[in-house]
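What follows is each chain in one-letter form.
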Amino acid sequence: MRKPVYDLAGAVADIPDGATIMIGGFGGAGAPVELVHALIDQGARELTVVNNNAGNGAVGLAALIRERRVRKMICSFPRSADSSVFQELYAEGALQLELVPQGTLAERIRAGGAGIPAFFTRTSVGTPLAKGKEEREFDGQRYVMERWLKADYALVKARRADAYGNLLYNMTARNFAPLMCMAAATTIVQASEIVEPGGIDPEAVVTPGIFVNRLVEVRAPAQEERLVAEGVRYP
Amino acid sequence: MSIDTKVKKLTRQQMAWRAAQDIADGSYVNLGIGLPELVARCVPPGRHVTYHTENGLLGFGERPPAGEEDPDLVNAGKKPVTLLPGAALFHHSDSFAMIRGGHLDLSILGAFQVAQNGDLANWQAGEDAVPAVGGAMDLVSGVKQVFVLTEHTTRDGKPKLVDACSYALTGAGVVSRVFTDLAVVDIRDGHFVVLEIVDGLDLAGLQAVTGAPLHTDGTPGVLQAP
Chain D
1 MRKPVYDLAG AVADIPDGAT IMIGGFGGAG APVELVHALI DQGARELTVV
51 NNNAGNGAVG LAALIRERRV RKMICSFPRS ADSSVFQELY AEGALQLELV
101 PQGTLAERIR AGGAGIPAFF TRTSVGTPLA KGKEEREFDG QRYVMERWLK
151 ADYALVKARR ADAYGNLLYN MTARNFAPLM CMAAATTIVQ ASEIVEPGGI
201 DPEAVVTPGI FVNRLVEVRA PAQEERLVAE GVRYP
Chain X
1 MSIDTKVKKL TRQQMAWRAA QDIADGSYVN LGIGLPELVA RCVPPGRHVT
51 YHTENGLLGF GERPPAGEED PDLVNAGKKP VTLLPGAALF HHSDSFAMIR
101 GGHLDLSILG AFQVAQNGDL ANWQAGEDAV PAVGGAMDLV SGVKQVFVLT
151 EHTTRDGKPK LVDACSYALT GAGVVSRVFT DLAVVDIRDG HFVVLEIVDG
201 LDLAGLQAVT GAPLHTDGTP GVLQAP
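Line by line, the protein sequences give chains D and X.
The letter at position 202 of the first sequence is residue 202 when you use my numbering, and the numbering goes up by one with no holes.
The letter at position 87 of the second sequence is residue 87 when you use my numbering, and the numbering goes up by one with no holes.
None of these hints come from the bench; they were simulated from the model.
Watch out, some of these pointers could steer you wrong.
To be verified - Distance condition first, Cα-Cα at most 16 Å in a straight line; then the derived EDC-like pairs of lysine to aspartate or glutamate:
1) X:9 / X:151
2) X:78 / D:82
3) X:79 / D:82
4) D:131 / D:82
5) D:150 / D:82
6) X:79 / X:22
Fair warning: this is a prediction, and the values are worked out from it, not measured in the lab.
With the hints as constraints, model all of the structure from the sequences given.
The structure is reproduced here in structure tokens:
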């Protein structure tokens with residue numbers, strides 16, 4: 001099925017206040033900067049955001065946080081050299097943080113997309129991050145129960161999409177995106193190019209189009225690290 | 001406690017070299033951010049080691065020359081890397097299946113504290129900083145063998161090898177060997193067992209900067225590195 005192609009503003013127009021949004025990217029690699037900026041322009045507030053990190057500099061996710069649109073971050077690593085926006089608002093108590101080990105975060109998202117409400121993992125057993133969670137023993141090992149993670153929307157960046165929503169990514173910019181595409185009710189993809197069906201080798205498809213709902217073509221996407229290095233601030 | 005100037009403390013480079021000697025040929029290895037990253041350059045010639053990074057890449061190599069960096073091709077420390085022939089790219093769930101499913105042979109990580117029972121604390125020092133865990137808890141609970149590479153004491157001279165961790169744990173009973181600037185120490189049955197000590201320091205001297213009883217299994221060797 002052909003997926004509707006939107007402009008940036010149209011793609012995010014219906015995101016309501018209070019939505020849970022998964023945003024692809026590992027640091028700047030895979031960060032859908034243009035979609036996040038469109039979301040800032042759109043104005044939705046009280047958002048819960050799932051991302052590995054918590055933004056860099058004064059663009060993208062960091063700008064969304066700085067504009068006080070985010071109520072809660074679910075992430076594994078909110079600290080970096082350029083993450084002062086998150087740190088300030090967190091210190092101020094303006095932002096909740098749910099800290100999740102990176103592999104557990106990935107698996108919770110995958111589980112959300114695969115219809116698996118909970119799973120057990122060794123990760124975090126015996127640590128403060130296991131506090132309050134159900135534990136069980138299997139074959140003599142202790143495991144912690146983790147719940148699935150689902151979202152209302154996912155915003156991800158791809159290198160190439162075909163009109164049916166099949167996706168290819170670029171290098172390590174893939175990271176969480178294929179999982180997030182599965183776990184969101186509405187997945188919005190910005191791709192550097194949208195080609196006709198057949199323009200991606202079926203053997204090479206990374207995200208099958210069934211997981212994708214909306215496409216936006218962003219031909220020369222900004223790279224978050226470059227914007228941060230140049231001191232760009234959005235808006 | 002300060003260390004005598006006669007003691008031939010290892011530099012960070014030498015510490016990395018020593019740890020690299022214990023990586024077996026054919027291993028799949030994940031190196032933590034910072035000091036452990038130096039290990040890759042010190043693996044003895046002839047051993048083929050494949051490096052894994054959490055953000056979805058197996059088989060990466062050195063940083064590319066200036067001007068050829070690709071911000072979409074980075075390691076877990078967000079530093080630019082290169083693809084070696086035979087490299088593979090994959091998403092985060094596959095990447096952590098490699099970690100959590102026990103497919104990686106070795107992880108070398110830094111530490112705030114290591115306890116004699118193998119407990120590791122390396123993600124949260126105190127309550128005031130913003131907590132950040134990344135993939136450390138997954139690595140220590142899933143990778144077959146976990147080595148720690150760290151200075152023997154903190155900057156203000158407190159032991160990092162302790163009887164019990166006072167900082168929040170990354171994992172319980174997960175570390176098997178510790179490489180420091182003063183010694184190589186195994187963790188066996190809830191004890192620190194000293195394998196090697198640097199020149200100019202004896203067991204009593206090492207004990208004085210260690211927070212738990214040291215044991216030996218024969219006379220410790222001399223820890224030296226080029």
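Hints not upheld, ascending by number
4, 5 and 6
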